[in-house]
Amino acid sequence: GLSQNSSDTHVTAGTLDKRDDGGFRNTCKYIRLAGGTPNILRAECQRIDGTWREAYADLDTCLANRKGVLKWGSTVIDDIVENNNGELT
Numbered sequence: 001g002l003s004q005n006s007s008d009t010h011v012t013a014g015t016l017d018k019r020d021d022g023g024f025r026n027t028c029k030y031i032r033l034a035g036g037t038p039n040i041l042r043a044e045c046q047r048i049d050g051t052w053r054e055a056y057a058d059l060d061t062c063l064a065n066r067k068g069v070l071k072w073g074s075t076v077i078d079d080i081v082e083n084n085n086g087e088l089t
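Note that our numbering numbers the sequence shown so that position 64 is 64, with each residue one more than the last.
Think of the hints as simulated: they come from the structure by calculation, not from any bench.
Among the clues, some could well be false.
[What the hints assert, rightly or not] Simulated pairs of lysine to any residue, SDA-like, Cα-Cα distance not exceeding 20 angstroms:
1) Lys29 <-> Asp58
2) Lys71 <-> Asp60
3) Lys29 <-> Gly50
4) Lys71 <-> Asp58
5) Lys29 <-> Thr51
6) Lys29 <-> Arg47
7) Lys29 <-> Glu44
8) Lys71 <-> Leu59
9) Lys29 <-> Lys71
10) Lys29 <-> Trp52
11) Lys71 <-> Thr61
12) Lys67 <-> Thr51
13) Lys71 <-> Asn39
14) Lys29 <-> Gln46
15) Lys67 <-> Glu44
16) Lys71 <-> Pro38
[Unchecked claim] Quick list of simulated restraints, FRET-style, between CB atoms:
17) Lys71 <-> Ala34: 30 to 36 angstroms
18) Gly35 <-> Gly68: 24 to 30 angstroms
19) Lys67 <-> Asn39: 16 to 22 angstroms
20) Asp49 <-> Val69: 17 to 23 angstroms
21) Thr61 <-> Lys29: 21 to 27 angstroms
22) Thr51 <-> Lys71: 28 to 34 angstroms
23) Lys29 <-> Lys71: 22 to 28 angstroms
Please read all numbers here as calculations on a predicted model, not as lab measurements.
C-beta atoms are modelled at their ideal positions from N, C-alpha and C, and glycine is treated no differently.
Could you put together the complete structure from these sequences and hints?
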């Protein structure tokens, strides 16, 4: 799901919905990796009503390296479980 903290949106898990008016690159601007934390992707993303808000995602919880291939979604959870003897941390 999404957890909201003031004007930030932090994507911790869940699904992304396809927007008819464009994808990630068409609906976000100022896309960047956060300065001191290169695993945090930040952007200003457009809401359905047209307004903009700061959003970020922790790439360590969104992406995984699975035998040399970047994976995302439920595969990330599979990797976490596999690498921690079945324990989510």
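Taking the hints in turn, this is what the structure says about them:
In summary, the hint linking Lys29 to Asp58 is supported, as the alpha carbons are separated by about 17 angstroms, within the 20 angstroms threshold. For the given pair, Lys71 sits about 11 angstroms from Asp60 by alpha-carbon distance, which is consistent with the 20 angstroms threshold. Distance restraint check for Lys29 and Gly50: the Cα-Cα separation of roughly 13 angstroms lies within the 20 angstroms cut-off, and the hinted pair is therefore satisfied. A threshold of 20 angstroms between alpha carbons decides the hint, and for Lys71 with Asp58 the separation of about 14 angstroms falls inside it, so the pair holds.
Between Lys29 and Thr51 the CA atoms are separated by roughly 12 angstroms; this keeps the pair inside 20 angstroms, and the hint holds. Annotation: proposed proximity of Lys29 to Arg47 holds, straight-line Cα distance about 12 angstroms (limit 20 angstroms). Straight-line distance between C-alpha atoms of Lys29 and Glu44 comes to about 5 angstroms, which keeps the hinted pair within the 20 angstroms bound. For the suggested pair Lys71 and Leu59, the alpha carbons sit about 11 angstroms apart, so the restraint of at most 20 angstroms is met.
Between Lys29 and Lys71, the direct Cα distance comes to roughly 24 angstroms. Violation of the 20 angstroms bound is thereby established for this hinted pair. The suggested pairing of Lys29 with Trp52 holds, with an alpha-carbon distance near 9 angstroms, which does not exceed 20 angstroms. For the proposed pair Lys71 and Thr61, the alpha carbon gap of about 11 angstroms is at most 20 angstroms, so the pair holds. A threshold of 20 angstroms between alpha carbons decides the hint, and for Lys67 with Thr51 the separation of about 40 angstroms lies outside it, so the pair is violated.
Note on Lys71 and Asn39: the hinted pairing holds, with a Cα-Cα distance of about 15 angstroms set against a maximum of 20 angstroms. The suggested pairing of Lys29 with Gln46 holds, with an alpha-carbon distance near 8 angstroms, which does not exceed 20 angstroms. Note on Lys67 and Glu44: the hinted pairing is violated, with a Cα-Cα distance of about 32 angstroms set against a maximum of 20 angstroms. With a C-alpha separation of about 18 angstroms, the suggested pairing of Lys71 with Pro38 holds against the 20 angstroms cut-off.
For Lys71 paired with Ala34, a C-beta distance near 22 angstroms fails the hint of 30 to 36 angstroms. For the pair Gly35 and Gly68, the supplied restraint of 24 to 30 angstroms holds, since their beta-carbon distance comes to about 28 angstroms. In this structure, Lys67 and Asn39 meet the distance hint of 16 to 22 angstroms, their C-beta atoms being roughly 20 angstroms apart. For Asp49 and Val69, the hinted distance range of 17 to 23 angstroms is not satisfied, since their beta carbons lie about 37 angstroms from each other.
Between Thr61 and Lys29 the beta carbons are some 23 angstroms apart, a value that agrees with the proposed interval 21 to 27 angstroms. At roughly 33 angstroms, the beta-carbon separation of Thr51 and Lys71 lies within the given 28 to 34 angstroms, and the hint holds. Taking the beta carbon of each, Lys29 and Lys71 are about 27 angstroms apart, inside 22 to 28 angstroms as hinted.
The structure does not agree with the numbered hints 9, 12, 15, 17 and 20 stated previously, though it agrees with the rest.
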